[in-house]
Amino acid sequence: MEYDVAIIGAGVTGCFIAKELSKYDLSVVVIEKEPTQGVGQTKGCSGIIHAFQLPFSSLKGKLCLEGNRMMDEEAKELGFRFRRVGLILLSSNLLSKIALKLARIYLSRYVEVRYLTKEELKRIEKNISKKINGGLFFPSAGVVNPIEMTFMARKFAEENGVEFKFERRVVGIKKNDTSYEILAENNGRKEVFKSRIVVNCAGLYADDIAKMVGHDLTIVPGKGSHVVFDDGDFSKHLIAILPLPPDRRTKGGGSLVTIDGNIIWGPNLIETGDKEDRSVTREEVNAIIRKHSRAFETIPKKPVEVYAGVRSIAGRDFIIDCKEGFINVAGIQSPGLTSAPAIAKFVVEMIGKRMKMSRKGSVKRYRLSLPKSGKLVCYCREVYDSDIEIVLRSGGRTLDDIKHLTGATMSCKKCLPEIVEFMVNMGLRVRKDYSNSDVVWKEGNG
Amino acid sequence: MDGRIAVVGGGYSGVRMASILSEKGYDVVVFEGRDGGEITVFNSLPELREHYIDYVEEYFELLKTVRIEKGVVRKVTRENLVLVSGCYTDRDSRDCSNYGRFEQVVVCTGCYDSNPISANIYGMRPAGIFSLENAIRLILKGYRIGREVLIFGDDAILEVFNSMLGRMKYSTHVVSGEYAVVRGRERVEEVVVDGERFRCDTVVYFKKRECFNPFNLKGVKAGNINAKTYDYKEVKKDVLKVSEDF
Chain A
1032 MEYDVAIIGA GVTGCFIAKE LSKYDLSVVV IEKEPTQGVG QTKGCSGIIH AFQLPFSSLK
1092 GKLCLEGNRM MDEEAKELGF RFRRVGLILL SSNLLSKIAL KLARIYLSRY VEVRYLTKEE
1152 LKRIEKNISK KINGGLFFPS AGVVNPIEMT FMARKFAEEN GVEFKFERRV VGIKKNDTSY
1212 EILAENNGRK EVFKSRIVVN CAGLYADDIA KMVGHDLTIV PGKGSHVVFD DGDFSKHLIA
1272 ILPLPPDRRT KGGGSLVTID GNIIWGPNLI ETGDKEDRSV TREEVNAIIR KHSRAFETIP
1332 KKPVEVYAGV RSIAGRDFII DCKEGFINVA GIQSPGLTSA PAIAKFVVEM IGKRMKMSRK
1392 GSVKRYRLSL PKSGKLVCYC REVYDSDIEI VLRSGGRTLD DIKHLTGATM SCKKCLPEIV
1452 EFMVNMGLRV RKDYSNSDVV WKEGNG
Chain B
5 MDGRIAVVGG GYSGVRMASI LSEKGYDVVV FEGRDGGEIT VFNSLPELRE HYIDYVEEYF
65 ELLKTVRIEK GVVRKVTREN LVLVSGCYTD RDSRDCSNYG RFEQVVVCTG CYDSNPISAN
125 IYGMRPAGIF SLENAIRLIL KGYRIGREVL IFGDDAILEV FNSMLGRMKY STHVVSGEYA
185 VVRGRERVEE VVVDGERFRC DTVVYFKKRE CFNPFNLKGV KAGNINAKTY DYKEVKKDVL
245 KVSEDF
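Going line by line, the protein sequences match chains A and B.
The C-terminal position of the first sequence is numbered 1477 in my numbering, with every residue numbered one higher than the one before it.
The C-terminal position of the second sequence is numbered 250 in my numbering, with every residue numbered one higher than the one before it.
Bound conformation, chain A alone:
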């Protein structure tokens, strides 16, 4: 069978494009090498919905603003959590204070922004450092759980007819006159997917995919480490302090709140040359803590975890182009999460120029209803056995899916053995995230 559109990659970008396409009378398939959605860059990001991205003239700048504006509607339509917690940019010396005041004049043309005095800042964030002399407040910045957001986009798409083929790694693409043949490997077996249009959302490996059809593209990995704290009431906003780094490829990170009630400090930007290097060193943790401590009087006390994501950097901007029905959506690093709904719209318009697309009369909604009853499995986050079951029956495939869709194992992790048992009893391999990330095996112990 020949599909209208084949999307390679089920990250937030691929899933949002799939979601948008599912509103049209098209046959769409998403091909993903891992067992579930959002396992690449998506899960390694900070979960921030940015207020803006400089420069405003860039593609990422425009799509960031549009995505941010669209986010309330998207969250409502898809059913994921989204909170506009606001971003505070702080200054601690005269030069920075002047810079902020000047910046406000420029930025206010594009985004809602207010200047806050030291007293006003102290009122909304009690723990701010005495050295802070002023700040800019961007109320439109917010937070999501990126895996939950991606899962809900995937489910909407599935509900409306999009096929998701997990654990299929694309190994070759052949171009015919009117279509493409995608060769994928699935645990040794070969599969071919034919499609008129191909959308390359393969994240870190978008360059490998692009090269299969002779497009020139290079993705450079930029690792970003985070430190996660359990001090939920440490702060209520996203907070960063000037000076921001001169490196254009990163906004410098900050003290971030998450929608799940944690505090995350970071990310940094380290070029490792290795697309799979997600290691976090002690030096990085110390540097991150030193950097963001400047904004506060006291620092969070309970580090609970560290993690790193890897950005796919393709020069200075997003690359979204179409050549003979092959659409590259590459270099989608920050603000990729924010831009996802806008990127989807943009790509769907591109596709619409190449093929007749008729909008469906009506679409089905998807809701993940967790019963919150039965036997309590995760005490810290109040997750019941029936919640875990629903997640697994709804397409959650890994421990990370369970974690991000229910909250279980986010705190003390005492519930991990029971959740593992749950998955085994449902006949599932117990994997953390990747295809071969088995946590336990069912064989006995001597």
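What the hints contain is simulated information worked out from the structure, not anything from laboratory work.
Everything hinted at is true.
Derived DSSO-like pairs: lysine-lysine, alpha-carbon spacing no greater than 27 angstroms straight-line:
#	chain 1	residue 1	chain 2	residue 2
1	A	K1225	A	K1242
2	A	K1333	B	K211
3	B	K211	B	K241
4	B	K222	A	K1332
5	B	K79	B	K245
6	B	K222	A	K1403
7	B	K222	B	K79
8	B	K225	A	K1332
9	A	K1463	B	K212
10	B	K225	B	K68
11	A	K1406	B	K79
12	B	K145	A	K1473
13	A	K1463	B	K211
14	B	K145	A	K1406
Keep in mind the model is a prediction, meaning the values are calculated, not measured.
Since chain A is already given, all that's left is putting chain B on it; use the hints.
For chain B alone, kept in the frame of chain A given last:
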């Protein structure tokens, strides 16, 4: 109501405390939400049972003498008198059974093993990194947690765990050090401890424990929730010490 005490947690600490308080003349009810905590886990694995034999035997003896009700205590409120409210049984979590009013509440909900960062484990986060507590429980459930296990830490309990793994035909290495770096993308492949490289597919670590009180229950805390250890001599000491205030 006078002299009624609710003990939350029917593990070693809760049952020990209940027994002492009963002897002092109090009317004690122990609320246990599951199977009796980690002492019952230790009891089910030969090497651990032997290591904790005194406490295991003590526990099962005392169990016969105290009143245990099945349920998870979710909230303790104080309005002149102390009330245990929101005590749910396993299957009917919306059902609130009122066991009457209590004068005091003793919280013996134990502790949990802290996260890998607390053990100075950095590097990647592939599958195969386990806290000691979770490794033990997964093994008890009958799962294989790996093949070549690096046991990272220097507490005495790790040697007991090591001998258990040895019997179960795991290949093990007990290493203590200041700082460990994990390598491996999908599963652990190697760990570097203070510069020395160890090939392994599993890391079981122990450094410290944190108090487990997810519902933030108010009350007198006793046992491992204070001691935060695998050394049950200290757990018993804490229970005895706290009981003196009654």
